[in-house]
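Protein chains in written order, with our numbering: chain A, 1 to 216; chain B, 1 to 216.
Calculated directly from the structure, the hints in this document are not laboratory data. There's no promise every hint is true.
Identical chains blur together in the list; that is why a pair holds if it fits in one copy or across any two.
Said to hold, decoys possible - Calculated lysine to aspartate or glutamate pairs in the EDC-like style (CA-CA distance at most 20 Å, straight line):
id	residue 1	residue 2
1	K180	E160
2	K187	E160
3	K120	D35
4	K180	D134
5	K155	E143
6	K155	D138
7	K130	E186
8	K135	E186
9	K187	D134
10	K120	E186
11	K180	E100
12	K120	E31
13	K64	D23
14	K120	E109
15	K180	D192
16	K59	E16
17	K59	D15
18	K180	E31
19	K59	D35
20	K64	E40
2 protein chains.
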Amino acid sequence: MPQTKIKKRKRLSRDEREQQIIDEAVRYFAEVGFDGQTRELARRLGISQPLLFRYFPTKGDIVKRVYEEVYLRRWQPQWEDLLSDRSRPLSDRLNQFYHEYTNAIFEFEWVRILVFSGIKGVTLYQQYLKLIHDKVLDRICTELREEHNFPDLKKTPLTEREFDLAWNLHGGIFYIAIRKFIYGSEKRENFDAAIEDSIAVFLAGAPTVFEAILED
Amino acid sequence: MPQTKIKKRKRLSRDEREQQIIDEAVRYFAEVGFDGQTRELARRLGISQPLLFRYFPTKGDIVKRVYEEVYLRRWQPQWEDLLSDRSRPLSDRLNQFYHEYTNAIFEFEWVRILVFSGIKGVTLYQQYLKLIHDKVLDRICTELREEHNFPDLKKTPLTEREFDLAWNLHGGIFYIAIRKFIYGSEKRENFDAAIEDSIAVFLAGAPTVFEAILED
DNA sequence: TTCCTTATTGATCATTTGATCACTTTAATA
DNA sequence: TATTAAAGTGATCAAATGATCAATAAGGAA
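Put together the whole structure using the sequences plus the hints.
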């Protein structure tokens, strides 16, 4: 009756162990928030708690790396080209973008760590909001002007109200993720239909409102 | 040179002190999250830390009362009548509702404690989402059917896709509050214009999409 | 196989923090 | 004014928790 795996002290290379710690830290902190304890994190990793401090000087450094790990590698630069690709209808582009974007973003770890970061006053998510503003909403508004022959950008720069409307679309979609991962009140896995409908409403309704806005 | 008010140990009645503690706890926990310390809370109140435990058996009880204090007294039952008042255009009703709703809800304390509650797994906000679903979105969808002579509710109950679209409007508006109070990336105080525009887009775009949905 | 670098750990420290309790002080009231 | 119920406090406990360090052991190099 061999008690397998009760004790298998394994010696890993510096890089392997470090990555292993970060991977588990992402999972753990996403679950319980950043006031989770180093002892519990070590327990989940099957290592001693002091070993963590051999790889990271302080707990704060682990948290910092978790942020980086979660935020980086998610944004796909080709999305910027996709949104601006005028050889395809804007509706197609928006649907493809939000389909891929939500597939990349709608993950337990990502959404929760995102929200935690806002609470703890971390500036990283503010950078992310800026990314959305500059790379997504700006393009959406620009393409809408083009598609409907609205005033040229050079003469009339994008207005705050146009951005607000694009935020409303984006925020409405992101709010699905909040309902799902923060409040657990949304059980579905697939939101393609909801997203398609939201885009359809936006594209059907926004031109009218934009027209009124741009008259001033 | 009299040092006024340096020490004015005031003896309050049970009820007064209790309310004072809760009021400050709402402010404090909204600011730093629920892992704020009882010592700091007591310091802000100008009382000793053990006194807190004379009024609440545990810290958890203070937190519980904070939730209740923040959630209760915000929802106005007359909003339900407002949304259903067919003597006025739906556009007017939606604008008035969201104007009053955001005035009541868009507060630092309310939004942050709301988000914290989701993270800590408190069920209170799930109740709040249900309230929105049942008392707001349900009415919006119902009124849209009426206004556009869509299929009768008795024959075709409201579909998930209709609710999704209403959620998109509501979530988009609520996301303004998240940007403002959680991420601090929104400095404006007044969002009436943004909200009016969002409602306009919804009312201009939703009927088309609803029509398509209801054909199935 | 032996040596030696370094990954890993047990024991422990210092601080933080929720909670308790005996004692003090306030102010209403008899 | 003296009495007394209860509001309020200082001292302190116990557990939790981040961090340190000397000692141990894994596994590649010689």
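Here's how the hints hold up against the structure:
1. K180 with E160: between (30 Å within a copy, 15 Å between copies)
2. K187 with E160: Classified as between: cross-chain Cα gap 13 Å, same-chain 35 Å, threshold 20 Å.
3. K120 with D35: both (10 Å within a copy, 11 Å between copies)
4. K180 with D134: between (26 Å within a copy, 18 Å between copies)
5. K155 with E143: Result: close within a single copy only, 16 Å intra versus 41 Å inter.
6. K155 with D138: within (16 Å within a copy, 43 Å between copies)
7. K130 with E186: Only across copies: K130 and E186 sit 11 Å apart there, 27 Å inside one copy, limit 20 Å.
8. K135 with E186: between (28 Å within a copy, 18 Å between copies)
9. K187 with D134: between (32 Å within a copy, 17 Å between copies)
10. K120 with E186: between (25 Å within a copy, 17 Å between copies)
11. K180 with E100: Classified as within: same-chain Cα gap 18 Å, cross-chain 27 Å, threshold 20 Å.
12. K120 with E31: Result: close both inside a copy and across copies, 16 Å intra and 10 Å inter.
13. K64 with D23: within (13 Å within a copy, 34 Å between copies)
14. K120 with E109: Both: 16 Å inside a chain and 15 Å across chains, each within 20 Å.
15. K180 with D192: within (15 Å within a copy, 28 Å between copies)
16. K59 with E16: within (19 Å within a copy, 41 Å between copies)
17. K59 with D15: Close inside one copy (18 Å), not across copies (42 Å); limit 20 Å.
18. K180 with E31: Cα proximity of K180 and E31: one copy only (14 Å, versus 25 Å across).
19. K59 with D35: Cα proximity of K59 and D35: in one copy and across copies (10 Å, 17 Å).
20. K64 with E40: within (18 Å within a copy, 26 Å between copies)
Violated hints are absent here; each numbered hint is respected by the structure.
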